[in-house]
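K.L.:
Sequence:
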Amino acid sequence: MRCVRRASLLALIAGAWLALPAGLPQPAGAQQSPFVPATTVRDNIATTIEHIRLLRGVPDGTVSCRGNRAGPRPSIRCDVRYVDNIAVTGIEITERDNPANVWTASFRPYMQEEDETAYLLLVDRSSPARADSIRRATRDLAELFFQVAPKQHVAVAAFDSKLDLLQDFTQDGKAVAAALDRVRPGNTTTELYRLTLEAVQRLGQFDAPRRVLVIASNGKFDDTAYRSNQVALEANRLNIRIVSIGYYEKNSDLRDLQSLRRLSADTRGFFFETPGPRQGLTPRNRNEFLARLHAGVIIEAEAQMRGVPPALQVSLRHPQGATTSFVAVLRPGVANPGGGLNDATTPMAADDYLGRVLAWVAEDYSRAAAVLAGIAILLLGFLISGFAWRRSRRRRAAKVAEPLPEPAATPKIISEEPPTFAEPQIHRPEHAAAPATVIRQPSPLAWLEFNGEPGTVPMFKPRIAIGRERDNDVVTDAQELTVSRHHAVISVTQDGFFQIVNRSKDYRDEVNPILINGVASESARIADGDVIKLGTGNYGFLFRDAREGSHWRN
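If you count the sequence shown from 1, position 513 lands on 513 in the numbering used here, and the numbers rise without skipping.
It should be emphasised that the hints constitute simulated quantities derived from the structure, not laboratory data.
Worth double-checking, as some hints may not be accurate.
[To be verified] Listed next, the in silico DSSO-like pairs over lysine-lysine satisfying Cα-Cα at most 27 Å (straight line):
1. K533 to K505
2. K220 to K162
3. K461 to K505
4. K174 to K162
5. K220 to K250
6. K250 to K162
7. K533 to K461
8. K151 to K174
[Claimed, not checked] FRET-style restraints, in silico, Cβ to Cβ:
9. D168 to L254: 32 to 40 Å
10. A368 to V511: 57 to 65 Å
11. K250 to P283: 44 to 52 Å
12. A87 to E113: 39 to 47 Å
13. I377 to P99: 48 to 56 Å
Beta carbons: idealized from backbone N, C-alpha and C, even for Gly.
Take these sequences, add in the hints, and give me the full structure.
P.N.:
See the structure below:
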């Protein structure tokens with residue numbers, strides 16, 4: 001009887017625990033549930049990516065997100081792809097309108113088993129003289145794509161003056177290798193841009209979350225009506241990434257590979273080059289190729305309570321203070337673009353206007369020659385105008401230096417009596433000009449040399465406040481979210497020492513740390529040369545004592 005009562009009591013407790021409201025906040029240490037895509041449009045959360053920022057050398061890439069509100073709490077998954085490998089050290093996801101609401105987030109690298117990319121392998125078969133390079137290219141591609149992942153699809157095509165599809169999209173690696181083995185040299189004419197554009201359009205018709213066009217070519221082209229920018233515009237419109245491998249016969253052919261570099265750079269892809277007849281891709285090259293093909297992370301996050309916020313602020317931390325940040329605008333109950341099957345991919349690019357201009361100039365030799373000729377004409381014009389201005393100045397200086405004619409002698413009045421003056425002549429000494437008043441500016445007490453914004457900051461007052469809010473004396477970098485709104489105070493004590501105090505303990509349950517030379521402290525003295533870090537990241541400053549007699553000032 002007692003056993004029955006105990007079993008009934010345990011069942012009652014378990015039922016009460018399961019019946020707790022799902023809207024209660026989840027504990028900070030609770031395990032995050034894996035993301036499950038929504039099965040209906042009503043539960044789906046479509047996203048729009050805005051305000052993308054890539055800071056301190058983060059490579060370009062793409063990002064796509066989707067959410068689900070069918071569970072007890074809304075969840076989201078973001079696929080972040082980069083064109084090159086970069087490590088991710090941390091993540092933070094907060095609600096844009098209420099930063100205090102932090103989502104439980106995790107990230108992990110891509111695995112080939114979960115890759116859902118559709119690949120179209122495009123081999124340049126032009127010119128029988130390139131038979132060895134064509135054979136090397138097909139072998140390299142067969143080794144790269146022999147093992148097709150369960151969710152991948154691969155197709156094979158070859159071109160010279162026309163495009164032939166040798167193998168439609170398949171998940172059979174042996175069929176891909178057999179199609180590559182059937183590639184034979186064709187005629188000498190190659191229409192690279194026109195047929196690449198046709199391949200892009202054919203790949204765009206295949207329904208897949210991600211599409212990549214892999215080109216193996218020597219970069220030469222005989223097109224007259226098509227250009228690289230037309231291919232790049234169509235590829236970007238269809239969210240297709242172009243990856244190219246350049247095979248050159250001799251060193252003089254290296255300049256022809258510029259066309260492949262341009263196509264890859266304009267579509268967030270990457271480029272490899274190798275001497276085709278002598279050596280193909282080495283094992284190291286193949287590993288790097290596959291690593292860059294899958295570079296990026298998968299982000300999964302879950303809210304702490306029910307309700308879908310208007311937008312989320314997502315920040316990824318990388319080594320050496322580099323960051324990736326973007327805003328995901330959430331639209332619950334809306335289907336994803338493209339019929340709700342695939343996520344909309346948004347390109348991520350840094351504001352490298354100089355690089356884009358240089359690439360645009362180098363795309364066409366006639367364009368580069370015209371730009372250089374224009375620059376030469378401008379420089380010649382500046383030189384001619386400079387010489388003319390200098391000559392005119394010399395002429396004016398010569399006219400000023402010519403001696404003036406002597407004035408005629410003044411006739412003297414002969415008189416027996418000396419002249420009379422109405423007023424006595426008084427010789428007054430000329431007063432010297434008063435010396436200029438020098439206003440001496442106060443010297444700073446110390447200098448704070450930050451490793452980011454706002455740079456080097458002087459300390460004039462005996463007490464300054466540091467934090468992200470505008471009411472601080474020193475406002476830190478707005479992108480460094482690990483710094484608190486009112487983080488620290490530096491003051492001069494009565495005995496002349498500098499002291500730093502952690503202010504985050506006044507309004508936070510968990511103290512946001514301050515590290516002095518790597519040691520966490522809430523209040524401590526600091527001296528010249530100390531390194532202070534604010535928060536859990538790498539953001540901080542070097543403290544320099546600027547007073548008279550300090551070691552740094554001397």
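K.L.:
Would you mind marking each hint as holding or not holding in the structure?
P.N.:
Status of each hint after checking the structure:
1. A threshold of 27 Å between alpha carbons decides the hint, and for K533 with K505 the separation of about 16 Å falls inside it, so the pair holds.
2. Restraint check for K220 and K162: the C-alpha separation of about 15 Å stays at or below 27 Å, so the hint holds.
3. Between K461 and K505, the direct Cα distance comes to roughly 23 Å. Compliance with the 27 Å bound is thereby established for this hinted pair.
4. For a cut-off of 27 Å, the pair hint linking K174 to K162 stands: about 25 Å separates their Cα positions.
5. Restraint check for K220 and K250: the C-alpha separation of about 13 Å stays at or below 27 Å, so the hint holds.
6. For a cut-off of 27 Å, the pair hint linking K250 to K162 stands: about 26 Å separates their Cα positions.
7. Annotation: proposed proximity of K533 to K461 holds, straight-line Cα distance about 21 Å (limit 27 Å).
8. A C-alpha spacing of about 16 Å is found between K151 and K174, which places the hinted pair at or below 27 Å, so the restraint holds.
9. Under the hint 32 to 40 Å, the C-beta atoms of D168 and L254, about 35 Å apart, fit the expected range.
10. Taking the beta carbon of each, A368 and V511 are about 58 Å apart, inside 57 to 65 Å as hinted.
11. Separation of K250 from P283 is about 25 Å and departs from the stated range, judged on CB atoms against 44 to 52 Å.
12. Taking the beta carbon of each, A87 and E113 are about 21 Å apart, not inside 39 to 47 Å as hinted.
13. Distance hint check for I377 and P99: the Cβ-Cβ separation is about 55 Å, which falls inside the suggested range of 48 to 56 Å.
Comparing the model with each numbered hint stated earlier shows that hints 11 and 12 do not hold.
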